[in-house]
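Given these sequences and hints, build the entire structure.
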Amino acid sequence: QVQLVESGGDLVQPGGSLRLSCAASAISFSINVMGWYRQAPGKQREMVARISTSGGLNYVSSVKGRFTISRDNAKNTVYLQMNSLKPEDTAVYYCNAGGDLWRPGSYWGQGTQVTVSS
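When the sequence shown is numbered by the numbering used here, its final residue is 1083 and no position is left out of the sequence of numbers.
In silico lysine-lysine, BS3-like type, Cα no more than 30 angstroms apart, as pairs:
| no. | residue 1 | residue 2 |
| --- | --- | --- |
| 1 | K1029 | K1051 |
| 2 | K1029 | K1040 |
| 3 | K1008 | K1051 |
| 4 | K1008 | K1029 |
If you anchor each label on the Cβ, the simulated ranges turn out as follows:
| no. | residue 1 | residue 2 | range |
| --- | --- | --- | --- |
| 5 | G1020 | S1083 | 32 to 42 angstroms |
| 6 | P1006 | R984 | 20 to 30 angstroms |
| 7 | S1049 | Q966 | 32 to 42 angstroms |
| 8 | Q1004 | S1083 | 20 to 30 angstroms |
| 9 | T1018 | L976 | 25 to 35 angstroms |
Hints in this document: simulated from the structure, not taken from any laboratory.
All C-beta atoms, glycine included, are put in the ideal place defined by N, C-alpha and C.
Here it is in structure tokens:
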């Protein structure tokens, strides 16, 4: 059973930066891809970024050039560096493990709140 624990969510002003972390426990050798999703109030959950163990990447177009996903395979940890944050980035951000670069896997974290507001 894989457990995912996110951290790093906070209140930040527009234009600011945050770094989210997701630590995975008991990661399975079969889990190749990890990623981040977000869900804003009244909206569907959407993929933000995904990364494979070999470095394959997938980003939603709205965050390209502003967000960077990375991972430390030795620590079973995935990060999301978010720069130039906008109010529309406000959402609960969820870590996900499994699946492929385009589809989520079965494992989800509890979520961490990111609020971008002045």
